[in-house]
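Residue numbers (numbering that gives the first Met the number 0), protein chains in the order written: chain A, 0 to 132; chain B, 0 to 200.
Among the hints, erroneous ones may be present.
[Claimed, not checked] Cβ-to-Cβ under 10 angstroms is the rule here; a few derived chain B residues that face chain A:
#1 K67
#2 I71
#3 K72
#4 R109
[Said to hold, decoys possible] List time: in silico SDA-like cross-link candidates among lysine to any residue, alpha-carbon distance up to 20 angstroms:
#5 A:K70 to A:A58
#6 B:K127 to A:K48
#7 B:K89 to A:D66
#8 B:K47 to A:N61
#9 B:K93 to A:D96
#10 A:K48 to B:K93
[To be verified] Here are a few chain B residues that sit away from chain A, every Cβ distance over 12 angstroms (derived from the structure):
#11 T26
#12 Q40
#13 I149
#14 E171
Because the hints were derived from the structure by calculation, they are not lab data. Since this is a predicted model, take the numbers as computed values, not measurements. No residue lacks a Cβ here, since even glycine has one placed at the ideal position from N, Cα and C.
Single-letter residue listing:
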Amino acid sequence: MNYGIVSQEQLEQIEEILLQKLIKIGVDCAIIIDMAGNIITIKDTGKSKYDIYSFAALAAGNFATVDAMAKLVGETEFSLLFHKGQDSSIHFSKIDDELLLISMFGKDISLGFLRLNVVEAIEQIQKVWEKQD
Amino acid sequence: MSFINLKDKVVQVKIVYYGPGRCGKTTNLEYINRKFREQIQSEMVSLKTHGDRTLFFDFLPFHMGQIKGYDIKIQLYTVPGQVKYNATRKLVLKGVDGIVFVADAMEKQREKNIRSLNQLHENLQSYKESIFDIPLVMQYNKVDLKEHGIPVLPISVLQQDLNSRLQVPYFEASAITGFNVAATLKKIISSTVVSIQKKLL
Ligand SMILES: Nc1nc2c(ncn2[C@@H]2O[C@H](COP(=O)(O)OP(=O)(O)OP(=O)(O)O)[C@@H](O)[C@H]2O)c(=O)[nH]1
Ligand SMILES: [Mg+2]
């Protein structure tokens, strides 16, 4: 077994990326989880009240299910996972084999603009995360 | 993989209740959810079919308190036990830190327990984990049925079938009455936390 340990410094850098790239453009909540459903970090506007631990468990399960379905039909992955609601939407994006970035956002942001920022955020996070080993 | 957050000093530990269909995994979590309300900050999440069979998993976050200044957050999961759900069973096992194998002590379930344990072994191998290394506790559930005249396997037989090579701690239990549900939980938490501490040092 390998254990995921991140230093305080790394976490602070990652949180700063989430803040600059996502929260500042109007994302309500950005969460990084691992594929086992653990929460790595969360950055939000302070308004969200729901239970993030249950959310992470369900999100990991949801992503894993879609991933398994992709493999069944011969795709390596379905890279975009997006759920659209009345007032808020959820966007999932893979950071690497272990990590997932989830963004929750309202009607004011377009999906295209969000995706652009998510891609940039992920590139930056990957650099910080690589330093881990 | 347990996740350790050095900044907020939080350790997240994943414990999975595994076992054949209808052995009582969900009932274990329901009992814990009722009995330990003050250690559980949220609702239990159950992804189930109309017939109350687990479809994907049950999830219950359990707060353990602190060890050496670290907040220990235990995430309890169950797998779906029905044979056809092995693909989802495997997904739930991803990143597991400790396992409770719930066996159904009813005589007629003898084969199913053995098959389920063998599949656990294979499923762990697919993640390059070994059933011999991972913290594991055996629970022989439904022993209350003896009193109702339903044939129940003697512990010696269950031990022979399931635990002769593994040699892990075991409990007779009744998830429905709560007998040894907490004892099982305490044992798997302590084995898992000890194992994580060892890996960290
Ligand atoms: N008599 C008795 N019945 C039990 C006990 N534990 C569970 N049951 C019953 O067994 C049935 C199945 O229990 P569940 O907890 O749903 O079983 P499960 O392992 O979660 O089943 P799956 O979700 O299909 O894998 C229910 O009707 C429970 O009430 C027990 O200790 N004694
Ligand atoms: Mg169940």
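The hints, checked one at a time:
1. K67: violated, 14 angstroms
2. I71: At about 13 angstroms, which exceeds the 10 angstroms cut-off, the nearest Cβ of chain A leaves the hint on B:I71 violated.
3. K72: Holds. Min distance 7 angstroms.
4. R109: violated, 31 angstroms
5. A:K70 to A:A58: holds, 18 angstroms
6. B:K127 to A:K48: Distance of about 38 angstroms is beyond 20 angstroms: violated.
7. B:K89 to A:D66: Given that 20 angstroms is the threshold and the Cα spacing comes to 13 angstroms, the pair holds.
8. B:K47 to A:N61: holds, 14 angstroms
9. B:K93 to A:D96: Given pair B:K93, A:D96 holds - Cα atoms ~12 angstroms apart, limit 20 angstroms.
10. A:K48 to B:K93: Since the Cα atoms of A:K48 and B:K93 sit roughly 28 angstroms apart, the hinted pair is violated (cutoff 20 angstroms).
11. T26: Holds, because the least Cβ-Cβ distance between B:T26 and chain A comes to about 20 angstroms, which exceeds 12 angstroms.
12. Q40: violated, 7 angstroms
13. I149: With a cut-off of 12 angstroms, B:I149 remains clear of chain A, as the shortest Cβ separation is near 35 angstroms.
14. E171: Since the minimum Cβ distance to chain A is about 29 angstroms, B:E171 lies beyond 12 angstroms and the statement holds.
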